[in-house]
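Chains as they are written, first to last, in my numbering: chain H, 7 to 352; chain Y, 2 to 502.
Among these hints, one or two may not hold up.
[As the list claims (entries may be wrong)] With a straight-line cut-off of 16 Å between C-alpha atoms, the simulated EDC-like cross-links for lysine to aspartate or glutamate are: (1) H:Lys221 <-> Y:Glu144; (2) Y:Lys52 <-> Y:Asp117; (3) H:Lys26 <-> Y:Asp117; (4) H:Lys219 <-> Y:Asp117; (5) H:Lys221 <-> Y:Glu10.
[As the list claims (entries may be wrong)] In silico contact screen, one side only, chain H against chain Y (beta carbon under 10 Å); selected entries: (6) Lys185; (7) Gly191; (8) Ala228; (9) Gly230; (10) Asn232; (11) Val238; (12) Lys333; (13) Gly334.
[Said to hold, decoys possible] Residues from chain H that face chain Y, not an exhaustive set, calculated with beta carbons under 8 Å: (14) Ala143; (15) Lys146; (16) Pro148; (17) Lys219; (18) Ala235; (19) Ser239; (20) Gly240.
Read the hints as simulated data drawn from the structure, not as lab findings.
In this text the structure is predicted, and so the values were computed from the model without any measurement.
Positions of the beta carbon are idealized from the N, C-alpha and C atoms, including for glycine.
As a plain string of letters, each chain reads:
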Amino acid sequence: MKSISTTAVSWKKQSGSVSKFLLSNAIYFVLAAIFLVMVMINPGLLTLDNISFILSQASTRVIFALGIAGIIILGHTDLSLGRMIGLSGILVSSLLQNLDYPRRIFSSMPRLPLWLPILGAMLLSALIMILLGLVIAKIKVPSFIASLAFQLIVMGILSLYFDYVNDSSPIGGLDDGFKAFVQGGFMIGSVRLPFLVIYAAIVTAIIWFIWNKTKLGKNMYAIGGNPEAANVSGVKITKNLLLIFLIAGLLYGLGGSFEAARTGSASNSLGYGYELDAIAACVVGGVSMRGGVGTIPGVLAGVLIFQLVSYGLVFLGVNPYIQYLVKGLIILLAISIDTQKYVKRR
Amino acid sequence: MANSDYILEMRDICKAFPGVQALDHAQLLLRPSCVHALMGENGAGKSTLMKCLFGIYQKDAGEIFLDGHPVNFNNPYEALQGGVSMVHQELNQVLEQNVMENIWLGRFPMKGIVVDERAMYRNTKEIFDNLHIDIDPKQKIGELSVSQRQMAEIAKAVSCGAKIIVLDEPTSSLTENEVSHLFRIVSDLRSRGCAIVYISHKMEEILQISDEVTIMRDGKSIATQPAAELTIDKIVSLMVGRDLSHRFPQKSSRCCEDILLEVRNIKGAYAPAVKDASFQLRQGEILGIAGLVGARRTELVETIFGLRTREQGEIYVEGKKVENRTPSQAIENGFALVTEERRQTGVFEDLPIIQNATVANLAKYTGRLGVLDNTAMVSDAKWVVENMKVKTPFLKTHMGSLSGGNQQKVILGRWLLTNSKILMLDEPTRGIDVVSKFEIYQLMIDLAQQGKGILFISSEMPELLGVTDRILVMSGGLVAGIVNTQETTQEEILSLAAKYL
Numbered sequence: 007m008k009s010i011s012t013t014a015v016s017w018k019k020q021s022g023s024v025s026k027f028l029l030s031n032a033i034y035f036v037l038a039a040i041f042l043v044m045v046m047i048n049p050g051l052l053t054l055d056n057i058s059f060i061l062s063q064a065s066t067r068v069i070f071a072l073g074i075a076g077i078i079i080l081g082h083t084d085l086s087l088g089r090m091i092g093l094s095g096i097l098v099s100s101l102l103q104n105l106d107y108p109r110r111i112f113s114s115m116p117r118l119p120l121w122l123p124i125l126g127a128m129l130l131s132a133l134i135m136i137l138l139g140l141v142i143a144k145i146k147v148p149s150f151i152a153s154l155a156f157q158l159i160v161m162g163i164l165s166l167y168f169d170y171v172n173d174s175s176p177i178g179g180l181d182d183g184f185k186a187f188v189q190g191g192f193m194i195g196s197v198r199l200p201f202l203v204i205y206a207a208i209v210t211a212i213i214w215f216i217w218n219k220t221k222l223g224k225n226m227y228a229i230g231g232n233p234e235a236a237n238v239s240g241v242k243i244t245k246n247l248l249l250i251f252l253i254a255g256l257l258y259g260l261g262g263s264f265e266a267a268r269t270g271s272a273s274n275s276l277g278y279g280y281e282l283d284a285i286a287a288c289v290v291g292g293v294s295m296r297g298g299v300g301t302i303p304g305v306l307a308g309v310l311i312f313q314l315v316s317y318g319l320v321f322l323g324v325n326p327y328i329q330y331l332v333k334g335l336i337i338l339l340a341i342s343i344d345t346q347k348y349v350k351r352r
Numbered sequence: 002m003a004n005s006d007y008i009l010e011m012r013d014i015c016k017a018f019p020g021v022q023a024l025d026h027a028q029l030l031l032r033p034s035c036v037h038a039l040m041g042e043n044g045a046g047k048s049t050l051m052k053c054l055f056g057i058y059q060k061d062a063g064e065i066f067l068d069g070h071p072v073n074f075n076n077p078y079e080a081l082q083g084g085v086s087m088v089h090q091e092l093n094q095v096l097e098q099n100v101m102e103n104i105w106l107g108r109f110p111m112k113g114i115v116v117d118e119r120a121m122y123r124n125t126k127e128i129f130d131n132l133h134i135d136i137d138p139k140q141k142i143g144e145l146s147v148s149q150r151q152m153a154e155i156a157k158a159v160s161c162g163a164k165i166i167v168l169d170e171p172t173s174s175l176t177e178n179e180v181s182h183l184f185r186i187v188s189d190l191r192s193r194g195c196a197i198v199y200i201s202h203k204m205e206e207i208l209q210i211s212d213e214v215t216i217m218r219d220g221k222s223i224a225t226q227p228a229a230e231l232t233i234d235k236i237v238s239l240m241v242g243r244d245l246s247h248r249f250p251q252k253s254s255r256c257c258e259d260i261l262l263e264v265r266n267i268k269g270a271y272a273p274a275v276k277d278a279s280f281q282l283r284q285g286e287i288l289g290i291a292g293l294v295g296a297r298r299t300e301l302v303e304t305i306f307g308l309r310t311r312e313q314g315e316i317y318v319e320g321k322k323v324e325n326r327t328p329s330q331a332i333e334n335g336f337a338l339v340t341e342e343r344r345q346t347g348v349f350e351d352l353p354i355i356q357n358a359t360v361a362n363l364a365k366y367t368g369r370l371g372v373l374d375n376t377a378m379v380s381d382a383k384w385v386v387e388n389m390k391v392k393t394p395f396l397k398t399h400m401g402s403l404s405g406g407n408q409q410k411v412i413l414g415r416w417l418l419t420n421s422k423i424l425m426l427d428e429p430t431r432g433i434d435v436v437s438k439f440e441i442y443q444l445m446i447d448l449a450q451q452g453k454g455i456l457f458i459s460s461e462m463p464e465l466l467g468v469t470d471r472i473l474v475m476s477g478g479l480v481a482g483i484v485n486t487q488e489t490t491q492e493e494i495l496s497l498a499a500k501y502l
């Protein structure tokens with residue numbers, strides 16, 4: 007009588023574990039297969055240069071995705087991500103141009119230290135995300151609609167600024183030090199390891215710590231998994247939500263600054279559509295849109311796989327319209343699998 | 002006033018809902034180190050009383066003393082902090098997190114800015130060891146059995162330093178072994194000075210585990226007695242004892258012998274499922290369905306209606322086999338279902354009466370070009386309002402602004418428009434005022450007289466005895482028996498309802 011029917015439970019677990027494993031990892035198998043087919047069509051995809059490029063592309067996206075993943079685990083979503091990237095990119099680019107660039111925007115301004123504009127962009131994004139969080143938590147606007155509105159508002163603000171300082175023409179001549187800081191890399195033998203990968207790794211480590219080791223992280227999972235249980239247990243839902251949104255804002259600001267330097271210039275279309283890529287990557291990586299479920303390795307895998315397939319399609323010269331189609335199908339597949347895990351039969 | 006013999010005193014608690022006096026000077030006096038059973042039929046006011054204690058409902062009148070001090074909790078969290086904790090029938094847990102994270106949620110032990118997992122594990126293990134609970138604190142809650150999840154919830158209450166733990170129908174889904182383990186835990190808690198409020202329908206269990214019993218009826222506390230002085234018969238008579246005055250319309254013996262509906266060995270596919278049910282419904286008959294909470298009465302009619310997946314069994318209408326795999330097939334075959342949760346699955350609150358009355362019948366109004374015939378819809382909706390005696394200023398009035406009784410009449414009318422032969426009514430009078438109740442009984446009797454067959458689920462014994470011809474009693478997903486209303490007693494029905502617990 008001491009151990010109540012634990013044997014029955016563990017037996018049941020075992021019999022279901024193979025199919026459960028296949029179901030919960032199905033999306034990885036499918037995407038790995040797609041990538042393998044691509045490599046077979048053109049083995050040139052697997053050169054070190056390509057991999058290095060894919061990694062640096064994926065690095066900024068990991069930073070965005072980690073921000074939005076927290077929001078999704080809370081049970082919300084954020085459509086403003088792309089425009090927040092744009093805002094940060096424009097702001098940092100306009101403040102970090104080479105002194106001798108002929109079209110320097112603030113021509114009499116001394117050269118700023120790199121960290122200052124980046125920190126400014128992070129704080130501005132964090133502020134906007136806190137406002138968004140307040141609208142969601144306090145006024146109870148569904149996050150889909152609230153962030154849709156914020157997306158437009160941020161687009162308006164950044165375009166006005168873009169037009170005012172640079173007559174709506176792309177901001178170029180980015181500070182050489184800034185570009186080197188972001189675009190550079192170590193040479194390890196003949197392999198080039200981009201700095202961006204290291205930055206992304208540091209960010210990932212910090213976010214992993216927050217999600218797994220701190221009270222905020224545990225509360226985040228609890229609120230997303232069962233808000234009522236969290237509330238009854240005395241978890242302060244608004245405070246935790248605002249903190250998660252604040253962290254997302256900081257990450258958007260940092261990633262947006264990097265993204266501008268990575269691409270070498272910024273216009274008001276920077277970041278367009280990134281929110282959908284980030285959400286898709288999260289879902290592919292097993293972050294449930296129902297909230298309460300998601301891991302750091304999952305997000306990393308989701309971003310990387312999504313980036314591999316996207317780049318592979320470009321590399322193989324697949325018709326861009328077909329690329330849309332393939333990406334759409336991948337998202338649909340990922341979401342369908344996710345839903346199957348939780349569907350209730352009656 | 003406050004008496005130091007008691008750890009919890011709830012005195013003269015009153016709570017009214019529109020049309021119903023749910024609690025009428027109810028009383029609960031709880032001694033320390035005591036298991037106190039709270040009994041009563043469905044709707045007697047047990048859960049309302051507990052909801053008033055935990056601040057889920059605000060009481061209209063009355064006083065609550067905890068350890069001699071007046072308290073008034075505004076929400077369950079305040080109650081928890083005050084040492085009063087509840088283990089709900091539907092366990093409110095974060096399924097994706099592990100056992101210890103659930104237990105310490107909101108109060109994680111910290112080491113600097115890091116959650117101290119080791120301390121959390123140690124503290125959890127200590128509580129589990131003390132209570133002889135054998136669960137790995139690191140296992141995901143969602144992977145545990147109901148019984149283990151319940152124990153985790155009890156451990157959480159203990160970890161909060163609860164002085165009073167309310168167990169709501171704790172054994173309703175436990176096996177016999179699990180029940181005796183639970184009882185050992187309950188005895189442990191009692192010997193450590195905890196007071197337990199034990200809500201249950203199972204009389205043998207109550208006599209076995211409890212020290213005192215309070216019996217509620219119609220929102221009043223009828224009696225509080227030591228369990229040792231009680232017998233099952235005594236409890237039943239205390240729970241039942243009320244008169245059936247003229248709260249029901251006159252009915253004439255009207256059944257004919259033709260079988261309208263026959264259900265053979267129906268079994269549901271997904272939990273909670275009907276295990277095995279067979280019965281016949283005659284033309285012009287009102288067949289009541291009685292049973293305790295969890296007897297799967299709603300699941301039975303939902304399975305017949307095609308809302309739930311049927312794994313086995315056949316359904317015959319007038320001798321002809323029908324499939325009823327989906328609700329629309331069932332409607333075509335002449336079935337109608339008035340659901341229990343009127344707000345969730347019955348009414349479209351933001352749509353006018355016209356749409357609400359005609360929604361199940363739109364195919365009939367659809368013309369050649371797919372355009373709806375508005376005139377026919379308006380005239381049918383008018384028919385519903387007149388025949389069902391719906392009190393409304395306009396046909397365009399939004400459903401949400403009608404009273405519960407009038408909403409229910411519109412829904413009944415909806416199913417009369419589809420020409421259904423078999424009406425399945427799931428708690429049709431719940432939350433409805435007395436006058437509307439009488440009108441709904443009258444409608445049911447009139448419809449039966451027109452030759453329709455009616456399945457009438459109810460948790461209120463008086464209305465079952467007052468309106469039906471026969472009563473089918475369900476227990477634990479099975480048919481415990483079918484009795485003739487004229488010849489049966491409440492006692493017989495209650496003991497049948499407990500047959501397969």
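Here is what the structure says about each hint:
1. This hinted pair does not check out: Lys221 of chain H and Glu144 of chain Y have alpha carbons roughly 23 Å apart, beyond 16 Å.
2. The suggested pairing of Lys52 of chain Y with Asp117 of chain Y is violated, with an alpha-carbon distance near 34 Å, which exceeds 16 Å.
3. At roughly 31 Å between alpha-carbon atoms, Lys26 of chain H and Asp117 of chain Y are farther apart than 16 Å, so this suggested pair is violated.
4. Only pairs whose Cα atoms come within 16 Å are accepted, and Lys219 of chain H paired with Asp117 of chain Y is accepted, the gap being roughly 8 Å.
5. Of the supplied pair hints, the one linking Lys221 of chain H and Glu10 of chain Y is violated, its CA atoms being roughly 37 Å apart against a limit of 16 Å.
6. For Lys185 of chain H, the interface hint is violated, the least distance from its beta-carbon to any beta-carbon of chain Y being 35 Å, above 10 Å.
7. This hint is violated: Gly191 of chain H has a C-beta 33 Å from the nearest C-beta of chain Y, more than the 10 Å allowed.
8. About 5 Å separates the beta-carbon of Ala228 of chain H from the nearest beta-carbon of chain Y, less than 10 Å, and the hint is met.
9. Interface hint at Gly230 of chain H: satisfied, since its Cβ lies 8 Å from the closest Cβ of chain Y, which is below the 10 Å cut-off.
10. For Asn232 of chain H, the interface hint holds, the least distance from its beta-carbon to any beta-carbon of chain Y being 4 Å, beneath 10 Å.
11. For Val238 of chain H, the interface hint holds, since its Cβ comes within 10 Å of a Cβ in chain Y; the closest pair sits about 5 Å apart.
12. The closest approach between the C-beta of Lys333 of chain H and any C-beta of chain Y is roughly 28 Å, which is over the 10 Å cut-off, so the hint fails.
13. With a cut of 10 Å, the hint placing Gly334 of chain H at the interface with chain Y is violated, because the nearest CB-to-CB distance is about 28 Å.
14. For Ala143 of chain H, the interface hint is violated, since its Cβ never comes within 8 Å of a Cβ in chain Y; the closest pair sits about 17 Å apart.
15. For Lys146 of chain H, the interface hint is violated, the least distance from its beta-carbon to any beta-carbon of chain Y being 18 Å, above 8 Å.
16. Restraint check, Pro148 of chain H versus chain Y: the minimum CB separation of about 17 Å is more than 8 Å; hint violated.
17. Taken as an interface hint, Lys219 of chain H checks out: its beta carbon lies about 5 Å from the nearest beta carbon of chain Y, inside 8 Å.
18. Interface restraint check: Ala235 of chain H against chain Y, minimum CB-CB distance 5 Å, threshold 8 Å, status holds.
19. At its closest, the beta carbon of Ser239 of chain H sits 4 Å from a beta carbon of chain Y; the interface hint therefore holds under the 8 Å criterion.
20. Hint status for Gly240 of chain H: holds, given a least beta-carbon distance of 4 Å to chain Y, under 8 Å.
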